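One line per chain: the protein sequences are A and B, in this order.
Those letters in the first sequence? Residues 267 to 578, by the numbering used here.
Those letters in the second sequence? Residues 3 to 308, by the numbering used here.
A portion of the hints provided could be inaccurate.
[As the list claims (entries may be wrong)] List of simulated lysine to aspartate or glutamate pairs, DMTMM-like, C-alpha gap at most 25 angstroms:
| hint | chain 1 | residue 1 | chain 2 | residue 2 |
| --- | --- | --- | --- | --- |
| 1 | B | 53 | A | 396 |
| 2 | B | 146 | A | 438 |
| 3 | B | 64 | A | 469 |
[Stated by the list, open to error] Just so you have them, the derived chain B footprint on chain A, three or more residues with Cβ under 8 angstroms:
| hint | segment |
| --- | --- |
| 4 | 335-342 |
| 5 | 363-377 |
| 6 | 538-551 |
[What the hints assert, rightly or not] Computed far set for chain A versus chain B, every beta-carbon distance over 12 angstroms:
| hint | residue |
| --- | --- |
| 7 | 383 |
| 8 | 402 |
| 9 | 433 |
| 10 | 475 |
I should point out that these hints are in silico values taken from the structure, not numbers from a laboratory.
On a predicted model such as this, the values are computed, not experimentally measured, just so you know.
Heads up, the beta-carbon is just placed ideally off N, CA and C, and yes, glycines get one too.
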Amino acid sequence: MKKNKLMTVLMAATVAAGLLTGCGSNAADTTADATATDTATDAATDEATDAATDEAADAAATDTNADLSGSIAMAGSTSMEKLANAVAEAFMEKYPGVSVTAEFTGSSAGIESLEGGSVDIGNSSRSLKDEEKAAGCVENIVAIDGIAVVLDPANTVTDLTQDQLVQIYKGEVTNWKDLGGSDEPIVVVGREAGSGTRGAFEELLGLEDACQYANELDSTGAVIAKVASTPGAIGYASLDAVDDTIIAAKLNGVEPTEENIKAGSYILSRPFVMATMGEVSAQSEPVQALFDYLKSDEGKQLIQSVGLITVD
Amino acid sequence: MHTSIFANHKNKSIVEIIAHIIFVVCALVAVMAVFAITAYMIINGSPALFKVGIREILLNTKWAPAAAEPHFGILYVILTSIVGTFAAILLGVPVALLTAVFLAEVAPKKLADIVRPAVTLLAGIPSVIYGLLGILILNPLMYKLEKAVFAGSSTHQYTGGSNMLSAILVLAIMILPTVINISESALHAVPDHLRSASLALGASKIETIFKVVIPAAKSGIISAIVLGVGRAIGEAMAITLVSGSSVNAPLPFNSVRFLTTAIVSEMGYASGLHRQVLFTIGLVLFVFIMIINLVLTGILKEKEEK
Chain A
267 MKKNKLMTVL MAATVAAGLL TGCGSNAADT TADATATDTA TDAATDEATD AATDEAADAA
327 ATDTNADLSG SIAMAGSTSM EKLANAVAEA FMEKYPGVSV TAEFTGSSAG IESLEGGSVD
387 IGNSSRSLKD EEKAAGCVEN IVAIDGIAVV LDPANTVTDL TQDQLVQIYK GEVTNWKDLG
447 GSDEPIVVVG REAGSGTRGA FEELLGLEDA CQYANELDST GAVIAKVAST PGAIGYASLD
507 AVDDTIIAAK LNGVEPTEEN IKAGSYILSR PFVMATMGEV SAQSEPVQAL FDYLKSDEGK
567 QLIQSVGLIT VD
Chain B
3 MHTSIFANHK NKSIVEIIAH IIFVVCALVA VMAVFAITAY MIINGSPALF KVGIREILLN
63 TKWAPAAAEP HFGILYVILT SIVGTFAAIL LGVPVALLTA VFLAEVAPKK LADIVRPAVT
123 LLAGIPSVIY GLLGILILNP LMYKLEKAVF AGSSTHQYTG GSNMLSAILV LAIMILPTVI
183 NISESALHAV PDHLRSASLA LGASKIETIF KVVIPAAKSG IISAIVLGVG RAIGEAMAIT
243 LVSGSSVNAP LPFNSVRFLT TAIVSEMGYA SGLHRQVLFT IGLVLFVFIM IINLVLTGIL
303 KEKEEK
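Next up, chain A with everything else stripped away, as it sits in the complex (with noise of 0.2 angstroms):
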């Protein structure tokens, strides 16, 4: 009787261990799968991507450096979402001993995990406070990120000059007729207070404290999805957030494109700081070899491919 049940058991235990690895693998599977297919629909700047994971994994064949093993944790502004999550699976894919996670909390809130040391990495997608630099958090820009002034699909007013977009935001211009456009009040969206975007928009157009805005939206997709469905709308967005839903005015007759930001004619950018407790040189190893990729031909191309532009 007794031996009945122990057998039993055992073969209960060896039926759910199978169970178990089948899960397993199968994840693992549908994972690959989620991840091909997304970068199979994804828009053209991916395949940029996919030539640099490619070419990682080539070199990951190679590279003595694919023992390193450990775990980074960032945690950040949600501008940076798109640059985190590419650099964490190329940086994977290079070194397989290493996990990355990321999560996206905020600017502020990623360097407060850093501070209570929660996380390897704060990212913020606005330059370090002094009481933040006064902590120990070391300033690392990685990137820098334009701001694109957006405005609804059937404004005809395209070009704005840097005085235009300060009275707008002021609210000394309140109908696109006075810019020349159609007869059309505007309606003029923003970030929270507290958002990267929002400090880097005022900041650089030394409108800090200033704006008068109709909608204080908490989300880059909720900044695009109003202007895009609501006539006389403008607001601001990440660069690598446009798409073809809105139009990307012109300033002072300057295209928000990669060249004039580099170029320094483009008025509205911002850096992207990935911060650390220390200097870099003071972190494990799995962190110094990731900010190491950054600055290789590698990671400039993956910081290119999420619609970014590489310091110096």
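Since the structure of chain A is already known, use the hints to place chain B on it.
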């Protein structure tokens, strides 16, 4: 070899004791959660009150938390929550109450069997869906209305339809199921002899409903309304999508921010004192909800004493 709980007295009493302990622990989890949340809200919400000043937070209207010289006035936010909730109740309760009367008193059984599941379904729709529908349907309509109302105005700031009115309409619809369900049970609980007596005295069916049944179900209906208030004041997701989320006075065509949406929209990027003030807003909301619950408990107690 069988070890069922019926085996013998000793085993049985052990099972009894263990079960008893498990029940107590489970009951304590809920109580502990309430105490922990209360303590947490007070500990996190009060420091900013003293740092910024109670008057400076509660009675000031300027909200500029990330400015070089920050202002943390949430008076407009508090007023928006109060006015918005009140207006939603004013719009939603009559509709809900009449629906409940319809379901409980008037409707033929077949029709009631169609309406009742529809109401239940309404209660089950996630609030983000209300918000999305608000963006797609309500906001464009509101923008047309806004343009018509303010045609020629040079001072009005156009919101693209994301305004107080949109939020109120969404809230009014969202409280319907809560108020309908509880009012309907209250109406059902009115004993039939009251109706019979009224009808026997020559009152019509409508007179009976409005002069006998509804007054008899008064306390139940009031608790339905209070629960509706609780639902409306605590809602965040749906209205954050339709209200425009700028801090302004609670006027119909202004883009406004509620207590809930103030927390939701800025928590992600807030730091330092700004973050603490968001906790203070949470504390204010918490106090509001507590007051509503106390009122509700009061009403229910009164009902029992009757």
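**Message:** Tell me the numbers of any earlier hints that the structure contravenes, in ascending order.
**Reply:** Going through the list in order, the structure violates hints 4, 6 and 10 and respects the others.
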